[in-house]
Amino acid sequence: MAMRSTFDFSPLFRSSVGFDRMLNALEAASQTMPAENWPPYDIVKSGEDDYRIVMAVAGFSQDDLSITHEQNMLIVSGEKADKDAVQYLHRGIPSHMFERRFELADHVKVTAAKLVDGLLTIDLNREIPEEMKPRRIEIAAETALQQGKVHQIDAEAAA
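If you read the sequence shown in the UniProt record's numbering, its first letter stands for residue 1, the second for the next number, and so on.
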């Protein structure tokens, strides 16, 4: 019998502007069967516009892993090459092929990736272009009437 666990991602929606589609995808992914949820991962907000994905990929080397960034999709895959013909009496450490897809918000870039102690860490940064950033527009306090630049049309027509 498979156990399912439900997570409430609604607090993340309030604090992660631009990641709403990714959070919807995460929520949908959490509803799938546990066998499909491998390898386990964390998504951490490490700064105002900085994020980090940490995946537990014990037993995989750097050569066994692949990270691809296509438009708004980050694809992490792993395939362990069977280098030696070892006869396992018990195989508890998973080493099967996997592919994880993460939908990224607009303007999110991968800045670094490293594999240390069986944890694959992928650093992300959201850089909004200057022309898309909100800008403050000053409101003039003095009106044209106060400056004497407004003419009455009736007075000019009568003259």
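Derived from the structure by calculation, the hints contain no laboratory data. Computed from a predicted model, the values in this text were never measured in an experiment. In this text, a Cβ means the ideal position worked out from N, Cα and C, and glycines have one as well. Among the hints, erroneous ones may be present.
[Unchecked claim] Distance windows between CB atoms, simulated: (1) Leu-89 to Gly-118: 21 to 27 angstroms; (2) Asp-117 to Gly-92: 37 to 43 angstroms; (3) His-69 to Ile-93: 48 to 54 angstroms.
[Claimed, not checked] Below, computed lysine-lysine pairings styled on DSS-like, alpha-carbon distance capped at 27 angstroms: (4) Lys-80 to Lys-133; (5) Lys-109 to Lys-133; (6) Lys-133 to Lys-45; (7) Lys-45 to Lys-114; (8) Lys-80 to Lys-114.
A quick look at each hint next to the structure:
{"no.": "1", "hint": "Leu-89 to Gly-118: 21 to 27 angstroms", "result": "22 angstroms, holds"}
{"no.": "2", "hint": "Asp-117 to Gly-92: 37 to 43 angstroms", "result": "18 angstroms, violated"}
{"no.": "3", "hint": "His-69 to Ile-93: 48 to 54 angstroms", "result": "28 angstroms, violated"}
{"no.": "4", "hint": "Lys-80 to Lys-133", "result": "43 angstroms, violated"}
{"no.": "5", "hint": "Lys-109 to Lys-133", "result": "17 angstroms, holds"}
{"no.": "6", "hint": "Lys-133 to Lys-45", "result": "20 angstroms, holds"}
{"no.": "7", "hint": "Lys-45 to Lys-114", "result": "17 angstroms, holds"}
{"no.": "8", "hint": "Lys-80 to Lys-114", "result": "17 angstroms, holds"}
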